[in-house]
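These protein sequence lines map, in sequence, to chains H and G.
Numbering of the first sequence is given in this note's numbering, commencing with residue -8 and proceeding in unit increments.
Numbering of the second sequence is given in this note's numbering, commencing with residue 19 and proceeding in unit increments.
Hints listed in this document are in silico derivations from the structure and should not be mistaken for laboratory results.
Careful, some of the hints might be misleading.
[Unchecked claim] Straight-line distance between alpha carbons at most 27 Å, and here's what the computed BS3-like set of lysine-lysine pairs gives:
hint	chain 1	residue 1	chain 2	residue 2
1	G	K287	G	K191
2	G	K287	G	K187
3	H	K136	G	K74
4	G	K287	H	K113
5	G	K139	G	K187
6	G	K139	G	K287
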Amino acid sequence: MDTRVSEQAVGGANRRFRPRKAPGSPARERRTLLYPGLVVVGIITQVPFLLTIYLSFQSWTLIRPDLGRQFIGFGNYAQQIFSGEFGVILVQTLILSFLALALCCLVGLGLALLLNRDFYGKSLIQTLLVTPFFIMPTVTGLIWKNELFNPSFGLVTYFANLVGVNNFDPMAHYPLIMIATMVAWEWEPLFMLVLLAGLQAISEDEIEAAQLDGCNRIRIFRYIELPHLLPYYRVVILLGSLFILQIFGEIYVSTAGGPGNSSMNLPYLVYQTGLVGWQVGAASAIGVATLIITLLILTLLLRTMNAVAKED
Amino acid sequence: MSSVPATPKQRKRTPWGHYLQNIVLYLAVIVIFGPIFWLIVTSFKTEADAYAMPPKIFFSPTLDEYRGALESFWAPFFHSVFMVGVSTILSLLLGVPAAFALSYYQNRRNEGIVFWFITTKALPPVAVMVPLFVIFRELRLLDTPWVLIIVFTGMNTPIVVWMMYQFIKDLPKGILEAAQVDGVSLWGMLWRIVIPLTRAGLAATAMLCVIFAWNEFLFSVSFTAIKWEPLSVAVAAQQTSRGQFWAQLSAFTTLAIAVPVVVGWLTQKQLVRGLTSGAVK
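Next comes chain H alone, as it looks inside the complex (with noise of 0.2 Å):
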């Protein structure tokens, strides 16, 4: 607080012994140029946020506007958070993000190994296989659902029975893992660009000390890549989890969460008990429920990789 009083009896100095036309005080300058930016954001998201928490403890469904509204304290929570229902899509989020992560963990470590040399085409392929990144989710469920895995028209199901499956439907027999492959599809493009990212900034000279100690390729992945990746790594899983729990438009266009609930996750569960179910309170109960656990995955991320990096 010291700081802040000094400042502005700095600023009020200048403005007494400058001509009118000179810049504000340096504090005062950095606070018109920063508090828009704030305050809008503040706005958009932390009001209806504290809102939320407002609501979850509220009965409210917008169909029945002649129950009206009451305060029903923790009934919300009661009700949502501890049926069974919840538990199981809380632990469908919790696999289908971890698969997905880890899918893009190693197929983004291995391509950007891949890339990392120097070859012909080398920034086609790249711009090639950074493409999903930019596809809508929409697009990549119905790519999945119709031209990929369609039960008689779909491209993979033609293989598939080319080489003698049957009954090939993985979208109605495995969602959950079909989603994942999706999501991880999308993403893996942000894990290999940041991870090559990292691989090209390690000096050419530590490899060629290491070579010419007689490391093979293995030993320089080992002890010389791999550790130097740990940052990177950090970065991208941090920002791919971030997304990958929030993961909507895929499930909402490929399985709708079904059959019945079984690729259903959090975010679907919220927009299902919202805005098909129109119950207000309920669906805020379990978007707060959403948040706790979310920041509670990511915490206990960056701890793990703190630790990881720490032992390294």
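The hints should help you fit chain G onto chain H, whose structure is shown.
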């Protein structure tokens, strides 16, 4: 970001390994780009060819399905262009000055504020969706362009702040100090020095906003209906209404992804730099 050339020695020693790695990469391209390629190929087929089993690789391409697809394409396309365009401009107007303030002026709270902007991205959209719906419903803003413009602006401004903060910090310190000594005004500094010098980064930031807003689905499907649906919602709606017409659906989808894909191709390198540079150091 320049590529590290393999030393000639290394290549001579393992020519087979080199070609083997190339083959693996070609296979990866087939698996990863294949689905998009197949989507585009299908869009040039007739409906009969699209359903042919075994899948047809050789066929006489036709633009017929694009004619049908374009009829329902223009309206949602203009909705998307308008809402994404306005929200991106607003995000830049709010975010760039904020990023400049945070990286140029000394203040011990700056780091914390940048971090706060990032944490707003950790807030799951579903945690704010329900009250936003209720508020917009009360204000009778549902199914108007303003809803999504507001949401996209709130969603993208933190990304602008984060990325531009990195890019402006990477500028040589002396330039801004010299300008200040020369008495260049604040807006002059922003307009004539910061923006021209971070051009490439600014373009990448804007493009990332365009891609995120263009592809957004949860808020779009919740807050708009027929009058102002953007393309991402239109694609999902088309699937219900025209699910049986694959060729036409593919043509529609190809048109819908064209903008973000081209924009993405143009800016992929800057994009990674902006997202990671500060976080990795």
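key: Pair hint G/K139 and G/K287, alpha-carbon separation not exceeding 27 Å   = 22 Å, holds
Satisfaction of hint between G/K187 and G/K287, Cα-Cα up to 27 Å = 18 Å, holds
ask   = Do the alpha carbons of G/K139 and G/K187 lie within 27 Å of each other, as the hint requires?
value = Holds. G/K139 to G/K187 sits at ~21 Å (cutoff 27 Å).
Pair hint G/K287 and G/K191, alpha-carbon separation not exceeding 27 Å = 24 Å, holds
key: Proposed proximity, H/K113 with G/K287 (alpha carbon, max 27 Å)   = 14 Å, holds
ask   = When you check the alpha-carbon spacing of H/K136 and G/K74, does it fall within 27 Å?
value = OK: H/K136 and G/K74 at ~19 Å, within 27 Å.
The structure is consistent with each of the numbered hints, conforming to all of them.
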